[in-house]
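S.K.: Listed below, chain by chain, are the residues.
Number of protein chains: 2
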Amino acid sequence: MSENTVTVKNDSRHELRELVSSQLQILLEQNNLEGVKALLLPVQPVDIAEAIESLPSQMQLIAFRLLNKTEAIDVYEHLDYTVQQSLIEQFKRQEVIDIVDKMSPDDRAHLFDELPASVVSRILEQLSPEERQATNLILGYEEDTAGRIMTPEYISLKQNLTVEQTLEKIRSLAPNSELVYYMYVVDQSRHLVGIVSLRDLVLHEPQQTLENIMTKDVIYVKTDMDQEEVARLIQRYDLLALPVVDKELRLVGIVTVDDVIDVLEQEATEDIYALGAVSSDGDNYFQTNLFTVARRRVTWLLVLLLTNTVTGSIIGAQEDVLTQVTVLAAFIPLLIGTGGNIGTQSSTVVIRGLSTDEISDLGPAKVVFREAIAGLLLGLILGLLATIWAYFLPQTDKNIIVSLSVGISLIAISTLASISGSALPFLFRRLGLDPALMSAPFITTAVDVLGVLIYFNIARLMLGI
Amino acid sequence: MSENTVTVKNDSRHELRELVSSQLQILLEQNNLEGVKALLLPVQPVDIAEAIESLPSQMQLIAFRLLNKTEAIDVYEHLDYTVQQSLIEQFKRQEVIDIVDKMSPDDRAHLFDELPASVVSRILEQLSPEERQATNLILGYEEDTAGRIMTPEYISLKQNLTVEQTLEKIRSLAPNSELVYYMYVVDQSRHLVGIVSLRDLVLHEPQQTLENIMTKDVIYVKTDMDQEEVARLIQRYDLLALPVVDKELRLVGIVTVDDVIDVLEQEATEDIYALGAVSSDGDNYFQTNLFTVARRRVTWLLVLLLTNTVTGSIIGAQEDVLTQVTVLAAFIPLLIGTGGNIGTQSSTVVIRGLSTDEISDLGPAKVVFREAIAGLLLGLILGLLATIWAYFLPQTDKNIIVSLSVGISLIAISTLASISGSALPFLFRRLGLDPALMSAPFITTAVDVLGVLIYFNIARLMLGI
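Heads up: the protein sequence lines correspond to chains A and B, in order.
Numbered according to my numbering, the first sequence terminates at residue 1426, and the numbering increases by one at each position without gaps.
Numbered according to my numbering, the second sequence terminates at residue 1426, and the numbering increases by one at each position without gaps.
Certain hints may be false.
Because identical chains share one entry, a pair is satisfied inside a single copy or across any pair of copies.
[What the hints assert, rightly or not] Taking lysine to any residue and the SDA-like style, the derived pairs with C-alpha atoms no more than 25 Å apart in a straight line are:
1. Lys1327 x Glu1014
2. Lys998 x Arg978
3. Lys998 x Glu1319
4. Lys1063 x Arg1256
5. Lys1177 x Leu1002
6. Lys1030 x Val1080
7. Lys1130 x Leu1162
8. Lys1063 x Gly1277
9. Lys1208 x Arg1026
10. Lys1177 x Phe1247
11. Lys1053 x Leu1263
12. Lys1183 x Thr1317
13. Lys1177 x Leu1345
14. Lys1130 x Gln1169
15. Lys1183 x Glu995
16. Lys1177 x His1039
17. Lys1183 x Thr1106
18. Lys1130 x Thr1317
19. Lys1130 x Met1175
20. Lys1327 x Arg978
21. Lys1119 x Val1007
22. Lys1327 x Ile1058
23. Lys1177 x Arg1160
24. Lys1063 x Asn1360
25. Lys1063 x Val1007
26. Lys998 x Ala1384
27. Lys1327 x Gln1021
28. Lys1030 x Met1175
Think of the hints as simulated: they come from the structure by calculation, not from any bench.
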């Protein structure tokens, strides 16, 4: 949490950031190093990081070296992993230690995830013993758990301290801890026994002991809790930070609200990617190379290709009907397209509802029933329109039987699409899979198979073929 | 921000919440009111609200009246709007004033949005003058702006105060302000001149004046800034709160980090709904009635139905080719399906990239080019497989010309689908529209038209018809 470094007074911050980027490159090209320093002095670390990222790679190291030591660490933490990695490979030995040793352990753990193992072990050797231990601690936990996003930089206190003593202690510790608004009270074996906020300290008499003013029943999480659940807890209870304990309930770290915002954003991106049938692995899609991009998209496409061949084979098997009434082929895109769209709508609202917990009050049965009725309603409206359109399409020759086959199929397909679209995410969750895997492309393709089967059977029945 | 009210020590909070809900109903049925009080004593306001929501409506008021006054307000703020509204209609005159007068002005403004205008004006009359003014202030701003999500309950101070005087003042003000971790320093005309954190106060000498310790360059926003931009600023700079100023740059409120989490979640839901072709209006989809549901879905479906009729008409016009080579119809779902899926993948990553700003470093041209190459790559893989499948499908009779038409069409369609999927969101943004309107169903349907045109033209060319 930074709060004393808010520095630029401007509404159109975006333009300002672009101006800094372009000025920075010009000054570096002129080798005007003092100018660079003056330019960057009032700029926020996150904005400096963005400006450095936009530089040609040979200038990035030069610009970075012009920062003072404290600022350099803040800026480094905000850089993209690719730039962090390229810089670390160019750094001198001492620079590596200066930067990496002072990064916060959770950011450092993220960096190490991205670096080659050989580089990591070389750097780990050079870290101070405490920092090495803190990093090892975080790296030991599964990805996407509380253990991985927590920081071990919190303030822990003994319960017999007075308010005055605590304030003294904070004054000496504050620069090293990420967040000083909550402090954690622990016993001899580091078990969490209470929580005290800075607000509590200010509001109580100096001679009170922490034991008397602390909140004793604390919401905490274990290191293996999924990061999304951690985020939901912080969101639900409007917390600024949440303590993390190990299996023996000893305090090992805290998760802060700013990390939670990033977690929720990352989870939303993963859901959105899944809905679009793109697999995600937490990397920035636009920074990965084309082969990674193809790999992340091809799996789903192959599954869908296979499903589409089923639809194709079904249509292929209808050669007798199609030869007699060729125009039937003209309605295939309309029928399977609309079915796919209605199915996508249902799966979208159910998947999002499951992900934000909005759906929890209603059971699966109620939701699927509601969607079935909605699908029927929509099918009736669209089926009527489709019948009229089919009737007046030149190729059908005002054939009422063909037109009615189209309309009736559309009603049946819409209802079934809504039912599948809403039921499949529940089914997936029941099976322990991610409901978001029921993506728009998947539902669309699944409904295609169903759609052509219904259509040709209704047409055969009505045309008497 | 609640922090002293963290009360339940349990990992499986979800089960616990369900237990409270069921126990609550049993105790109310037994008319055991003391039992209810004892049950709810250690439960968080947000969890009590959930338990009350799950009760039959005639019990909700009874349960609510058993809460003590302070807790009642907290619980009321966490209730769904439908329950808030039903309670307010059953409240006695004095209860309305007790609850609504003490709600925080931003929550109250949200409630008033949902209530009938006549009820609102009746309640506004009964509020205390200050609360009425605070609510009117917030209700005067456009929806989804900083003005609407801000709270006017912040601490503002004059710059000649000392640290000691400030701490004294906070002790008397704290219970009434939402967040005491930042305090705002203003001049005679309420212009924002600096910011002081509780941390600053604790770390500095008691005799220092605020003028000397405050941060003078403050990030602030105007009341009309879009709530999503406000959220992105707080996220970018890791802030706990952000001051809001009016046109004359006078401080009028603050936006806190807990509101930002909700804003980002709401914006993600809107994006996801748009991607699934469901329009959203901020209400909970699962609490609206079926006609609203149908209305929110039918518009897009009608647009797509129209587009599908175009695809249908194109196929209808190919009667001569289809009569000669009926099996061509069998590949329509495969070709347009795969095209739609690849287009959806491209639009999904671009829309999300635009929404999270991850894409900003690369220009549109670079992104579309990358996607085109990715589409070509994917098309080559899938085209090869489709050719082989088409060749061995019984109905094609190992016709290599038909099989090759399918494969070549698939390569062309994949590339074009990627280009449209990635270019259309940029185009929409340029036109001032929401890029998320380029939903999966829309891309799928648009690519259908393109797909059948390409397919039949390639087939005609290769078959010489």
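S.K.: With reference to the structure, classify each hint as holding or not holding.
M.R.: So, going through the hints one by one against the coordinates:
1. Within a single copy, Lys1327 and Glu1014 get their C-alpha atoms only as close as 51 Å, which misses the 25 Å cut-off; across copies the closest is 17 Å, which meets it.
2. In the homo-oligomer, the alpha carbons of Lys998 and Arg978 lie at most 25 Å apart inside one protomer (16 Å), although the nearest pairing across protomers, at 55 Å, exceeds that limit.
3. In the homo-oligomer, the alpha carbons of Lys998 and Glu1319 never lie at most 25 Å apart, since the shortest distance is 50 Å inside one protomer and 27 Å across protomers.
4. Taking the closest pair of Cα atoms, Lys1063 and Arg1256 never come within 25 Å of each other, the shortest separation being 36 Å inside a single copy and 56 Å across copies.
5. With identical chains, the CA atoms of Lys1177 and Leu1002 are at most 25 Å apart between copies only, with a shortest distance of 15 Å across copies and 44 Å within one.
6. Only within a single protomer do Lys1030 and Val1080 lie at most 25 Å apart by alpha-carbon distance; the minimum there is 22 Å, versus 60 Å between protomers.
7. When the C-alpha separation of Lys1130 and Leu1162 is checked against a cutoff of 25 Å, the pair qualifies both within a copy, at 12 Å, and between copies, at 14 Å.
8. Neither within a single protomer nor between protomers do Lys1063 and Gly1277 lie at most 25 Å apart by alpha-carbon distance, with minima of 66 Å and 69 Å respectively.
9. For a Cα distance limit of 25 Å, the shortest separation of Lys1208 from Arg1026 qualifies neither inside one copy, at 43 Å, nor across copies, at 41 Å.
10. Taking the shortest alpha-carbon separations for Lys1177 and Phe1247, neither the intra-copy value of 47 Å nor the inter-copy value of 37 Å comes in at or below 25 Å.
11. Taking the closest pair of Cα atoms, Lys1053 and Leu1263 never come within 25 Å of each other, the shortest separation being 47 Å inside a single copy and 63 Å across copies.
12. Taking the shortest alpha-carbon separations for Lys1183 and Thr1317, only the intra-copy value of 22 Å comes in at or below 25 Å, while the best inter-copy value is 30 Å.
13. For the homomeric pair Lys1177 and Leu1345, neither the shortest alpha-carbon distance inside one copy (64 Å) nor that between copies (66 Å) is at most 25 Å.
14. Taking the shortest Cα distances, Lys1130 and Gln1169 sit within 25 Å of each other both inside one copy (15 Å) and across copies (20 Å).
15. In the homo-oligomer, the alpha carbons of Lys1183 and Glu995 never lie at most 25 Å apart, since the shortest distance is 49 Å inside one protomer and 35 Å across protomers.
16. Within a single copy, Lys1177 and His1039 get their C-alpha atoms only as close as 36 Å, which misses the 25 Å cut-off; across copies the closest is 24 Å, which meets it.
17. Taking CA atoms no more than 25 Å apart as the test, Lys1183 paired with Thr1106 passes inside one copy only; the shortest distance there is 9 Å, against 37 Å between copies.
18. Neither within a single protomer nor between protomers do Lys1130 and Thr1317 lie at most 25 Å apart by alpha-carbon distance, with minima of 40 Å and 40 Å respectively.
19. With identical chains, the CA atoms of Lys1130 and Met1175 are at most 25 Å apart both within one copy (16 Å) and between copies (22 Å).
20. In this homomeric assembly, Lys1327 and Arg978 come within 25 Å of each other (Cα to Cα) only across copies, at 21 Å, whereas the closest approach inside a single copy is 50 Å.
21. Taking the closest pair of Cα atoms, Lys1119 and Val1007 never come within 25 Å of each other, the shortest separation being 36 Å inside a single copy and 31 Å across copies.
22. In this assembly of identical chains, Lys1327 and Ile1058 lie within 25 Å of each other by CA distance neither inside one copy nor across copies; the values are 59 Å within and 37 Å between.
23. When the C-alpha separation of Lys1177 and Arg1160 is checked against a cutoff of 25 Å, the pair qualifies both within a copy, at 16 Å, and between copies, at 23 Å.
24. Taking CA atoms no more than 25 Å apart as the test, Lys1063 paired with Asn1360 passes in neither setting, with 78 Å inside one copy and 68 Å between copies.
25. Taking the closest pair of Cα atoms, Lys1063 and Val1007 come within 25 Å of each other only inside a single copy of the chain (17 Å); across copies the shortest separation is 39 Å, beyond that limit.
26. Taking the closest pair of Cα atoms, Lys998 and Ala1384 never come within 25 Å of each other, the shortest separation being 59 Å inside a single copy and 39 Å across copies.
27. Taking the shortest Cα distances, Lys1327 and Gln1021 sit within 25 Å of each other only across copies (22 Å), while inside one copy they are farther apart (57 Å).
28. Taking identical chains as interchangeable, the C-alpha atoms of Lys1030 and Met1175 lie at most 25 Å apart only when they sit on different chains, with a minimum of 24 Å there against 37 Å within one chain.
Figure legend: structure checked against the earlier numbered hints; hints not met, in rising order: 3, 4, 8, 9, 10, 11, 13, 15, 18, 21, 22, 24 and 26.
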